[in-house]
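Work out the full structure, taking the sequences as your base and the hints as a guide.
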Amino acid sequence: MQVNQLHPWPATVAEAESIQDRLRAQVDLTGGPTAFALVAGLDVHYHGDDELTAAVVVLDGGTLAPVERVVAHGRAAFPYVPGLFAFRELPALVTALERLTVTPDLLVCDGYGLAHPRGFGLACHLGVLTGLPSVGVGKTPFVGTHEPPGQERGAWTPIVHEGATVGRALRTQRGVKPVYVSQGHRISLDVATEQVLRLAARYRLPEPIRHADHLARHPT
DNA sequence: GCGACAG
DNA sequence: ATCTTGTCGC
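According to our numbering, the first sequence is numbered sequentially starting from 1.
The set of hints was computed from the structure by calculation and includes no laboratory data.
Backbone N, C-alpha and C fix where the C-beta goes; we use that ideal spot for every residue, glycine too.
Each hint should be verified, as a subset may be incorrect.
Pairs of lysine to aspartate or glutamate residues, derived as EDC-like cross-links and limited to a Cα-Cα distance of at most 16 Å, are as follows [stated by the list, open to error]: (1) Lys139 <-> Asp213; (2) Lys177 <-> Glu152; (3) Lys177 <-> Glu147.
Across the chosen pairs, the derived CB separations fall in these ranges [claimed, not checked]: (4) His73 <-> Ala37: 28 to 34 Å; (5) Lys177 <-> Ser18: 31 to 37 Å; (6) Ser18 <-> His73: 25 to 31 Å.
What follows is the structure, encoded as structure tokens:
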């Protein structure tokens, strides 16, 4: 698939932050499709110093059967700074997406979207670059506060940051730690939550991310 | 001001 | 993210 060119690469924290502030204006949070024929999971595995492998696995949105798998090897493109995490993985993830022969209808990203210090996490960034609907799924809390959701599958509570709801803590399986869902691009919070719950059919994390995680760790 | 902080 | 054993539960 085609992905828009990454803007001049930031050399400093201030430059990276200003790119986020500029691209944030392009995020569409008003909604979009509510059904997705092809769903992609994205993840990155780190080895050694700055080496990494990005993996994308596209699943049939109905059966959740894998349709295509691609990887891209590279190096971390930025130091790790909370809030600028996306700049580490973006080049390798974009390379992997460009190697897909099919175009997904939804990107399920490992990390946050709107629930971010400047409202522009990895999921938003990938959504804007591709133009595709995207959702962020975090494994640990980041910004904002929330009450613990009920123990049953599907229970959720809002994540509130600076007076606004920016995501949801969602219990995807009974008795597991919640995952943190936030909008990336072209998706409502309701649809994002519904999709993450549906995709996390058997385990805590959504199937697309589990497949991508496995592929990034065991490339073939 | 200080600490904490997605992966 | 990664470095790592044992242990509990399905």
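Violated hints, by number in ascending order, as checked against the structure: none
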